[in-house]
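Each chain, letter by letter, is given below.
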Amino acid sequence: MTQDIQIFHTPQRSHKAITGGDVFAFALILALLYIGARLAINAPEVIPGPDISLSPSALPIYALLSVGRMTAAYFLSLIFSIVYGRIAAYHKNAEKILMPLLDVLQSVPILSFLPVVLLSFSAFLPQDVAAELASIILIFTSQAWNLTFAWYQSLTTIPKELNEASSIFRLNAWIKFKSLELPFGMISLIWNSMMSWAGGWFFLMAAEIFTVGSRDFRLPGLGAYLQEAANQSNFTAIIWGVGVLILTVVVLDQLIWRPLIAWSVRFKVEMVESDVQPTSWFLDLMRKANLTRAISKWMITPITESFDQFNIKHHSSISNGGDTKGQIKWPTIVILVVVLLSITYALFRAAEMLITVPLMEWGAIGLGVSATLIRVILALVIALTWTIPVGVAIGTNHRLAAILQPIVQITASVPATALFPVLLLVLINLQGGLNGAAVLLMLMGTQWYLLFNIIAGASAIPQDLIYISKLMGLSGWQRWRTLILPAIFPYLVTGAITASGGAWNASIVAEYQNFGGETLSVTGIGSIIAQATAKGNYPLLLASTLSMIITVILVNRLYWRRLYRLAAEKYRME
Amino acid sequence: MMTESLLQLEHVFQSYGTGSRRFTAVEDINLRLSTGEFVALLGPSGCGKSTLLRIIAGLQEATQGKVLYRGKRLVGVNPYTSIIFQSFALFPWLSVLENVSLALKVRGMDKTEREKKAEDLLDRVGLDGFESAYPRELSGGMRQKVGFARAMAVEPELLCMDEPFSALDVLSAESLRGELLELWTEGKIPTKAILMVSHNIEEAVFLADRIIVMDKEPGRIIAEHQIDLPHPRNRKSSQFQTHVDQVYAILAGQTRTESEELGSAPGEVGITRHLPEIEISDLAGLLENLAEGEKSKHDIYLLEEELGIESNDLLKLTEAAELLGFASIAKGDIELTPLGQTFADASILARKEIFASRARRIPLMKWLLTMLHSAEDKRLKINVIQTALSLDFSPLEAEQQIEVLINWGRYGELFIYEDDSEMIKLEEGK
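So the protein sequences, as listed, match chains A and B.
Following our numbering, the numbering of the first sequence begins with 5 at its first residue and continues without gaps.
Following our numbering, the numbering of the second sequence begins with 17 at its first residue and continues without gaps.
The set of hints was computed from the structure by calculation and includes no laboratory data.
There could be a bad hint or two in this list.
[Unchecked claim] No farther apart than 25 angstroms at their CA atoms in a straight line, the calculated lysine-lysine pairs in the DSS-like style are these: (1) LYS133(B) x LYS182(A); (2) LYS164(A) x LYS272(A); (3) LYS317(A) x LYS132(B); (4) LYS317(A) x LYS133(B); (5) LYS182(A) x LYS127(B).
[Unchecked claim] Reference listing, derived: stretches of chain B covered by chain A, where coverage requires no fewer than 3 residues with Cβ under 8 angstroms from a Cβ of chain A: (6) 94 to 102; (7) 113 to 124.
All C-beta atoms in this analysis are idealised placements derived from N, C-alpha and C, irrespective of residue type, glycine included.
Please model the entire structure based on the sequences and the hints provided.
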């Protein structure tokens, strides 16, 4: 994680906790939720799940299916990001709505949407199609936002003179995209894609194993395989499943992401050569191969050349830097009015639906939110207690890093949700089984973000400062207080924000489980959402999903954002 | 050679923002450029010379006024110009050859043809053998040569250069200037006129036939200076030095009466004077240097070489010395005042006191101190000050002015600034 990741993006340097853009974004989410819940009423009562074969020979197919869903969702995210980011970057008026909307969307706990999306899709689509689509949409929502931010940010930080050069040399929109915008954003897009992809596994696995009451939404894939194996206490199958999962993640990393990162070095904007370059054996192999060279020379080059020339002939160059001045045309106004009216109508109906929720259920929601909040905090505290010392040790000690880094990376690459059924199998008979398992799942989903960020922070401490603190004879605790903690603080906050988001998401799967034919649940907002889904209590589903979203957004705005600002302003190393 | 009018600017204004927060970047610019001319736009930073270049290239639309090219009103990007940028503006992911041929590609030229032409251009600027190199592998001077080749590729009638040499080291800049002149004077390029933005007086005198001198607050043309020396020009010759001295005299201005020199406070009638962005240690260095010599008057243009700084920075320092009453300027000469002499001779602490007493007299500083005195707990957030300043300055300028105020106030111990809370506060008992 050598790339700086910005967590909070506030285009209009507003210090207010809630802005007008937020209100709009929130209204839109509520409207969508209502539409989902309304559609869900027609969902079938019983949904039979797929048959999952535990034979190892079925694993390649399952792996392919899982990777296929990921790929579909990823390309969807990529296309969405490029279009959305361009609109936001080049149209001042659109930017005012699009960016706050994105900011709210990215702090929404995505898994809380899963039941609503699944139910509403299965109301009008065949079951398997509905579940496939829902999983793809779920992964999409987990991948798209940070990609969009990265792309928007790179578009808006293209040096002015490069933009001017493309205007003065009359590049048209396509050539400008190809020669300037895409290359400029490439490194950031690839890094964010890699992170999005890793995050996507977490949600894919959750989607593949999702079952409530008599509705079995499972999808044939690696996640379902692992869950079925745990259900049947088939340890051989569990080992096979985990093995194939790790293999899949590692193979994709080696054959796709590493080569892409090594290849993207050419898009560095800095005009200096750096000493340490990312390398990839696979990329080197491809570069040496005659076949790839021949394909590039005889196929790709002529095709792109003729496409470019065709495009140049038919689309003239853009003037004035492609920056469209904010003129609203009347079709836009009509569309805007229609959208606003529909949102208002949906909000009105949503309010009607929410009124039907009895006071007692609101009380239960409040209790559930608090219970889940406590679990989230507990998981974070446990994660911090072990990741800070270990992270600092790895980050400041090169030898230790060389040994531990690969192990940590492989362990972290296994999506926590996939292991959850396995975890349950082990913990189910202990005291407070699901309670413990829920916190453990949150922990598994969160600790890696923290660990990686702390390692990054610790390894960024300048050697001079370490020497001087030794020379000054600072004792262990003094050194931690004056040097290490302040230095890793910004990284710690960044990691903790992502981690807490992950923990909230995990609560949906963690607090309610169908396991070995039984239903297990603990008090929590995640379990209320799942139970509402199981019982077909749609007002409660809407109310609980909404409450969870509001809670997470408020925690983000009132707590994390302040810490983040403090970290960015005071504890920055320059 | 018959000269014909190429470009004409009539009453051009450029302003940003609206209402009371409207800032004029350039004001009432009238300018004419003819074929065969090499014109330099010279002035301090913030005088709008780069803005003017962008208006001429059609990258920016003037808020008011007419821009005519060959008698026709300019709409959109000017198709007869190309720009050489200060930062080179090369695409780092394209090879040298691809960078040059990209401009030809979008004109619909096919691959073999455009590569041939690009190679030919690279030969002409002396970059043969580097076609497949990436910009990051090249030195600054070589990168700018690619910039030249790229600009030449589209055969512009009017070549615009935006401080093309200022990002280069001294030696590369010098050799590149020579090569440009060779291409230009020997007619090796199809360009009919060159417009160069510069803040380096010597460079402008060395290259241009005509220097248009601009000043800031607001950006406007204050003088034109014709240079009729034949090329190649000898920097050591007395005519050359005379020209440099004359341009310095225009730019450094003349010390006026104190009230005129200081300007007025924000919110008051009159122009609020910008404080020059300088390091106080540099100012002290300048004053010490002036105090050392035998003679009392110093030619400003000679100081440039003596102190090893650029004309732009030197002018900011002389402006500060003038503003603080440490020196007076007339006809391109600078002379220490008795106060400046005292400052140069004083100890570190005494210098701070002299500086403080003079800084207090500057209306902008006086205004800030008055605000602090009347504020609760005698402290103010800097964003409050920034808002107050934004009636007289653009947001960026307001930020820069606050930075200068903080630097000066800290040095003179007029107030304390806490970075954590972003607060300026008066010291106890002051």
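So, going through the hints one by one against the coordinates:
no. : hint                  : result
1   : LYS133(B) x LYS182(A) : holds, 22 angstroms
2   : LYS164(A) x LYS272(A) : holds, 17 angstroms
3   : LYS317(A) x LYS132(B) : holds, 21 angstroms
4   : LYS317(A) x LYS133(B) : holds, 20 angstroms
5   : LYS182(A) x LYS127(B) : holds, 17 angstroms
6   : 94 to 102             : holds (count 6)
7   : 113 to 124            : holds (count 6)
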